Amino acid sequence: MRSTIPCLLLFLMLGYGVESLRVRYSRLPYTTKYTKNENETDEVVVNTRSECMLLAYRKNKIAFFTTKTESGLKCTVMGNIVSFTEEKHDENNALYMLDIGPSDRKYRCDDPSQMNVMTLMEGTCEAEQEMCDQLKSLHDFCKEKANNPTCTVKCPEGQKTVNGARDCCAFITDKNGTEKCCPADTHPRKSIDGLEMCCPKDGPCCPEGYKFDVERAGGNICCPHGTQINAGEVLKDPFMMSLSCCPPSMTPRSLTCCPKDFEYMASFKKCIGFIPVDLPGPQTLGEMKKLCEDLHALPVKIDNKEQNDALVEKAELYPHGAYIGLAIMDEEQKAEKRTFRWIADDSQPTYTYWLPPYPDLTHPDKALVQCVESRVRYSKWPYRLRSEKSDSKNIVKSKWECMIHAYKEKRIAYYTMMDLRGMYCNLLEDISFTDEISPKNYQAYILDTRPKEDGCQCNDTSKMDVRKFFEGPCEAGEEICNEVKRMNTYCITKANNPSCTPVECPEGQKALDGSECCYAHKHPNGTEVCCPENTRPKKIDGEDEMCCPEEGPCCREGYTFQQEQDGRDICCPNGTEFKGLHLSKPVCCPSTMVRIADSSTCHPANFQYMESFRKYIGMVKIGILWNVFGKTRVELMKLCEDENALPVKIDNKEQNDALKALNIDKTHGAAIGLAIPEGEQWGKDSFRWMADGSKPTWSNWLEGQPDNAGPTEILVKLTVDNMQWEDVAREIPTIICMAEPYEGTEKENGEYMFAKSFLLGSRRFQNGEF
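When you line the sequence shown up against mature numbering (1 follows the signal peptide of the UniProt record, and there is no 0), it's residues -20 to -1, 1 to 750, in that order.
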């Protein structure tokens, strides 16, 4: 015969006298999904399930979960329950939920077939309103979306609930392993490389940043924006074994893209082309480089025999030979082996294959220039550029050398300047544009992503449009390309004109970074910053400027508007409220405090000033469970801290007698701030004042006290008879607290002085710690 598991965990009577609050948590046989508050600690180790239940009720949670571990019983409290599952618990785990159903209802918790979770939520809820609202929300969901005894959502095949959601959806798993719901009218599909995407039910589907190009062999071919599949290549390769997405000006070659009439060479891992030239051929180094630059290319660099042999094989078609990218960079140097350098990167050759007695600089009757593909181009710009940051590379040999510096250091632009000493190179970052024509000794260059056939009419400013520089496919590396994307967005949306110069700002606005117009205010550090949209600069109380809504009140961050007085917005720090003015300054104190007349300070409500303490003294109710469960030292401390106070410390008979004014006889005594710290053994000499951790220098114990009559009596109660002291474990309805006046006005440094700190003796207590 099977044993049964009790469904009812605990039946509590919470309250005083005749009126009481009936609270019950019942056990469920399966688990639940819930939303956890990341700012709240929801897991603790407890001694009993009753203790866990009490914790759940105090935190206004409708459910809790216990797990037996080696370190004790782990308690997890739950509030925002999403739904239930059909997963059963073993003997070490148990789930309990607030039960407002009929008290005479019977069922077996170990038999799910006899369990109906809906019955737990149908009845009169006598718990806190927050808990009742949670229970009603869950009940409405179970009835509407999961109308079955276990309140479990049944998803159609291929769907599930994702990331704590209640509704089912078709889903994908992204490259980071995160599950995501697909939008309506889409379904999961995998791309050729295995990437999961949410695609329309009909028609092509491409990843973000790609566009549909062709359909072949039952598959969709997608290309990055700005590229395409060559139609002739599709006809030659119908099964897409070696197709490439290339810019319109380029041709696919061995799964890469090459300029027209170039071919891919594996030894170089680049595209190589032989470019015919007219006699007598290039007369200067600049002329030779331009022949390659016009094709987005660089003169070839040869690093080994394999590469050289590959060129020789092709060069046999050209009986007069071909130029390579090795040259004397400085025309004043002699033609010697040691003076030759590779044009592509200005390096000395590590491999050569000179024909004796060469080298020399003679030209053949007919010549060809052989180039290596380059996908990065900087084009001339006829106007001056502004920049947030400029790095000078001092004197360089050519604009080509300056361009290499710009590319290596991931800059979108650079400029050169000439004087009597030579050419200076300056690399630019975070550029903006002007309409100022460049002087003769200044030349700017900008990364240009246009296809080569668009041309560069750099001498005709009426035909220049810098917006086109940033519209093509960028292959210069992520950092530069991100800047290209930013400039493209800015030039189109913020300065939509051919020279990308900022528009004139309306009155009262300015363009702080050379881009967007905005209302600006001065930050306390002295810098100007833009105000958010629909706000304008405004001085608060004649002090620092702030960005304020165009209409309505305005307060600093961390402050809340209270009222308008004499045309002035009164704001208080969050958690406080306006109590009046003192010397024209707002007095702001917690809502539970009252202001001391004709001053800038407040004190807790129902506290009274006692001269013997030179503080405000008052009693705070411990709570409705004080006579059942008692309170810990930490809990008593918090009761006073919630009133911006500390448990009272009594140093002499005058102070002890003064506490009679609190009428503790009406509350059957009260706790004082003397207790044994957590973790210490009970002993008559173990009691310490909670306010500062000190031992008592004066005491007023009843005869025979303290006696630890049990259970362990670590707290101290001020008795009605003769105001003497007695050690107790519980049965204390109130605690006596003491508070300094709370300063409610700002100090000179703009901060408020909070009554969380006290100076007692020579030690400082702050925020509950020493």
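Some clues are possibly wrong.
Unchecked claim - Estimated spans, in silico, between C-beta atoms of each pair:
{"hint": "1", "residue 1": "T49", "residue 2": "S666", "range": "28 to 36 Å"}
{"hint": "2", "residue 1": "T330", "residue 2": "P184", "range": "43 to 51 Å"}
{"hint": "3", "residue 1": "E108", "residue 2": "R536", "range": "33 to 41 Å"}
{"hint": "4", "residue 1": "Q588", "residue 2": "V25", "range": "40 to 48 Å"}
{"hint": "5", "residue 1": "K155", "residue 2": "L400", "range": "56 to 64 Å"}
{"hint": "6", "residue 1": "G206", "residue 2": "K317", "range": "42 to 50 Å"}
Claimed, not checked - Capping the alpha-carbon separation at 16 Å, the derived lysine to aspartate or glutamate pairs in EDC-like fashion look like this:
{"hint": "7", "residue 1": "K369", "residue 2": "E389"}
{"hint": "8", "residue 1": "K360", "residue 2": "E458"}
{"hint": "9", "residue 1": "K388", "residue 2": "E451"}
{"hint": "10", "residue 1": "K490", "residue 2": "E455"}
{"hint": "11", "residue 1": "K519", "residue 2": "E537"}
{"hint": "12", "residue 1": "K379", "residue 2": "E455"}
{"hint": "13", "residue 1": "K249", "residue 2": "D283"}
{"hint": "14", "residue 1": "K565", "residue 2": "D546"}
{"hint": "15", "residue 1": "K39", "residue 2": "E108"}
{"hint": "16", "residue 1": "K116", "residue 2": "E137"}
{"hint": "17", "residue 1": "K155", "residue 2": "E176"}
{"hint": "18", "residue 1": "K360", "residue 2": "E273"}
{"hint": "19", "residue 1": "K249", "residue 2": "E267"}
{"hint": "20", "residue 1": "K379", "residue 2": "E513"}
{"hint": "21", "residue 1": "K390", "residue 2": "D283"}
{"hint": "22", "residue 1": "K675", "residue 2": "E660"}
{"hint": "23", "residue 1": "K48", "residue 2": "D70"}
{"hint": "24", "residue 1": "K465", "residue 2": "E409"}
{"hint": "25", "residue 1": "K675", "residue 2": "D631"}
{"hint": "26", "residue 1": "K518", "residue 2": "D549"}
{"hint": "27", "residue 1": "K360", "residue 2": "D415"}
{"hint": "28", "residue 1": "K565", "residue 2": "D578"}
{"hint": "29", "residue 1": "K48", "residue 2": "E31"}
{"hint": "30", "residue 1": "K565", "residue 2": "E531"}
{"hint": "31", "residue 1": "K39", "residue 2": "D113"}
{"hint": "32", "residue 1": "K664", "residue 2": "E683"}
Please keep in mind that the hints were generated in silico from the structure rather than gathered at the bench.
Since we're looking at a predicted model, the values are computed, not measured.
All C-beta atoms in this analysis are idealised placements derived from N, C-alpha and C, irrespective of residue type, glycine included.
What are the numbers of the hints the structure violates, in ascending order? 8, 9, 10, 12, 16, 19, 20, 21 and 30
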